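K.L.:
For the sequence shown, the residue numbers in UniProt numbering are 1 to 652.
Calculated from the structure, these hints are not laboratory results.
Please note: incorrect hints may appear among the correct ones.
Distance windows between CB atoms, simulated [as the list claims (entries may be wrong)]:
#1 D607 x E387: 43 to 51 Å
#2 P434 x T189: 32 to 40 Å
#3 D589 x T636: 29 to 37 Å
#4 L457 x V602: 31 to 39 Å
#5 N492 x L457: 41 to 49 Å
#6 T362 x I35: 50 to 58 Å
In this text, all values refer to a predicted model and were calculated from it rather than measured experimentally.
Even glycine gets a Cβ: it sits at the ideal position worked out from N, Cα and C.
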Amino acid sequence: MFFFPLKMLRFLFYMSLICQTSTNDNALHDAFAEIYAAKAEKIIINTTDFEVVTHSSGYIDKTPLILDLLPLPSHIVIHGPRGFSKSTNLNMLKTFFEHELGENHLAKDPQKAHKLGLFRDKSIFSNGTLFWKHFARYPVVYLDLGSVKTKTFHDFTTSFIEHCVHPLMAKFSYLLNNTNIWESSALKTVSFSKSYEWKKEELMKFGVNLAELIRRHHDTKSILLIDDYDHPVISAVLDTHVSQDDTINIIEFMGAFVNAMTKHSDHIYRSVLTGTIAVTLEYDMDTSSSNVEYYSIFDAIIFYNAYGLTGDDLKVLQKQLHVPPSQMELTRSYYQGYNVFDNRFAADTGLYIRWAPVAPKTKIYNTYSVLASLKNVDLKPWWPSGEVPLIPLITADKYATDFEECMLRSCSIDVETYISRFDLLQLKKSLLTPEKPTVTSDIILAFLFQSGYFTPLERNGDERTITAPNYEVQTKMIESFYRTAYLYKRYNYTKEDEKQYVTAMDKLNSTISTFQDVVKSVRNLFRSEAPLGEKFMQAVLLYPLVNSDKFYAYRIEKHDDPFLRYDAVAERRRDNAAIVVTLRCRPQDLKRAVGQIVKAPVDKKFDLLPNRKDKIDLRLIITEDKEVYGYFNYTTFKGDSTSEMWPTLKHY
Numbered sequence: 001m002f003f004f005p006l007k008m009l010r011f012l013f014y015m016s017l018i019c020q021t022s023t024n025d026n027a028l029h030d031a032f033a034e035i036y037a038a039k040a041e042k043i044i045i046n047t048t049d050f051e052v053v054t055h056s057s058g059y060i061d062k063t064p065l066i067l068d069l070l071p072l073p074s075h076i077v078i079h080g081p082r083g084f085s086k087s088t089n090l091n092m093l094k095t096f097f098e099h100e101l102g103e104n105h106l107a108k109d110p111q112k113a114h115k116l117g118l119f120r121d122k123s124i125f126s127n128g129t130l131f132w133k134h135f136a137r138y139p140v141v142y143l144d145l146g147s148v149k150t151k152t153f154h155d156f157t158t159s160f161i162e163h164c165v166h167p168l169m170a171k172f173s174y175l176l177n178n179t180n181i182w183e184s185s186a187l188k189t190v191s192f193s194k195s196y197e198w199k200k201e202e203l204m205k206f207g208v209n210l211a212e213l214i215r216r217h218h219d220t221k222s223i224l225l226i227d228d229y230d231h232p233v234i235s236a237v238l239d240t241h242v243s244q245d246d247t248i249n250i251i252e253f254m255g256a257f258v259n260a261m262t263k264h265s266d267h268i269y270r271s272v273l274t275g276t277i278a279v280t281l282e283y284d285m286d287t288s289s290s291n292v293e294y295y296s297i298f299d300a301i302i303f304y305n306a307y308g309l310t311g312d313d314l315k316v317l318q319k320q321l322h323v324p325p326s327q328m329e330l331t332r333s334y335y336q337g338y339n340v341f342d343n344r345f346a347a348d349t350g351l352y353i354r355w356a357p358v359a360p361k362t363k364i365y366n367t368y369s370v371l372a373s374l375k376n377v378d379l380k381p382w383w384p385s386g387e388v389p390l391i392p393l394i395t396a397d398k399y400a401t402d403f404e405e406c407m408l409r410s411c412s413i414d415v416e417t418y419i420s421r422f423d424l425l426q427l428k429k430s431l432l433t434p435e436k437p438t439v440t441s442d443i444i445l446a447f448l449f450q451s452g453y454f455t456p457l458e459r460n461g462d463e464r465t466i467t468a469p470n471y472e473v474q475t476k477m478i479e480s481f482y483r484t485a486y487l488y489k490r491y492n493y494t495k496e497d498e499k500q501y502v503t504a505m506d507k508l509n510s511t512i513s514t515f516q517d518v519v520k521s522v523r524n525l526f527r528s529e530a531p532l533g534e535k536f537m538q539a540v541l542l543y544p545l546v547n548s549d550k551f552y553a554y555r556i557e558k559h560d561d562p563f564l565r566y567d568a569v570a571e572r573r574r575d576n577a578a579i580v581v582t583l584r585c586r587p588q589d590l591k592r593a594v595g596q597i598v599k600a601p602v603d604k605k606f607d608l609l610p611n612r613k614d615k616i617d618l619r620l621i622i623t624e625d626k627e628v629y630g631y632f633n634y635t636t637f638k639g640d641s642t643s644e645m646w647p648t649l650k651h652y
């Protein structure tokens, strides 16, 4: 496992894979480079407009999703992390289903629709019967809640009017011209004025009342599409400046608004809501449930071709962009994939057939991350997730060790269909009073899991075994988590202890005493507690090096040899000395482990760091009893070499 906080890490990662490629592959890289650069410039990543995206050199046809939705329940939520094309696909649905208007603002013949050309060369066009049955035949009520502000409930309603109500009023203003549809309507013509002062109850029913007018005019039910449906609720919950009462009001408002259109209306043909988190749509104090079905893009095999990029999609991108094979291999390795499970869907009942345990069926990659990397020819965390949420909680004593275990290895949690109102408010309360948190660790981890910080390794009913999905996401988590005071509290060492360790590493030379100082400083870091494993050991020893101004970066890799587990590669700034640190934690056979580190040959990873002044092969072992043993081989640029084991272990 690797993680890469700085550019030097990505350079080492590039080198490790490029050195494995053949001469022919390098020649192919040169041949493709110019074509690739030209095509990469035409990758479009900063829009969700379907028509614009189809002109991108990185476009992959996802139109089969349109037909895949038809057997599903009428009202659904599709949730998954940011960057998996949820908004683009929702815009695609809008473009496909929405009718075009002609005279008297009535629907035009779909065969004369201007947008028909967008779909003629797409996969969906091959199914002529279903295509013409649904193409350009419905009014569409489309809302984007991603820009709605939530500082207070008043701010929320004001912003909701600005970003949702007014755009819909402008779009459907032609309804004012049809005097036959307004009789007995709960929505009044005066409300189409921007100066109209809305009441809370009117806003909650605005959507359903508008849908009724639309149906009267067109004699057709509408399709409801809501993007970022969870944004107001999640923003209110996470923002500690938003009060508990305002948060409750926002949760209830969103539940009432959606349920009025999906549960208590006969004017909506279908609803598709997309967002990151599966949040409750309860809408009153009796917690009345909605009839909206929830689908995770990772738990529904029917969606795996539609959201994110599959392995086959990467092959298509490589071909149409002329990506050099080595570059695509780097992309696959760095961004890897999220596991998708085969939830067999029974179309006749609208239910999932569930069984346990289940292994992942396939993997999907984050669309934005992959395309941004290919466009900019740079491996780094492109994922548009922002800062890691819930840091005040995941670093609290009650939850920190659970989070670290999940982040570095794996853990098991229960994931419900959606996060309930009760759990949302417990999460809110805990953020407001982090010194006395009441929310369960499962809810915190489920929130991060749905946000994309983890991927499931195995599913057993509601239980998921989760782990970090790839280098990109783990990098974000590690940097955010270890930037706090967690390590000091966890191992009970001070900043001065950490400073002495970094100084000892900086002064390490061919003199035996400097090597002994390093071992002593490591022993001091772990004087209170031994790490649980090499990955935990790496955090204490290597993250301080990256944060200091004395070293460039490091790289961690698991060995096949069970007695030499992990390597760290660092470059010292003052003399460009290359240091390879091999870590071994809690060996079951100490003598054998010591024998291994002494007798193992000098690491080949120095081949990736040519022309360094000195090469330092440093190997460290820590036992369950907090004993630290070290071995180093210091080779100068001239070829002189010094080796030492300290402290010695008799009869190793």
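K.L.:
Look at each hint and say if it fits the structure.
P.N.:
Going through the hints against the structure:
1. D607 x E387: 43 to 51 Å: Check failed, 38 Å falls outside 43 to 51 Å.
2. P434 x T189: 32 to 40 Å: Because 50 Å falls outside the window, the suggested range is violated.
3. D589 x T636: 29 to 37 Å: Given about 34 Å between the Cβ atoms, the range holds.
4. L457 x V602: 31 to 39 Å: holds, 35 Å
5. N492 x L457: 41 to 49 Å: Given a distance of about 32 Å, which is not inside 41 to 49 Å, the answer is violated.
6. T362 x I35: 50 to 58 Å: violated, 30 Å
Against the hints set out earlier in the document, violations occur for numbers 1, 2, 5 and 6.
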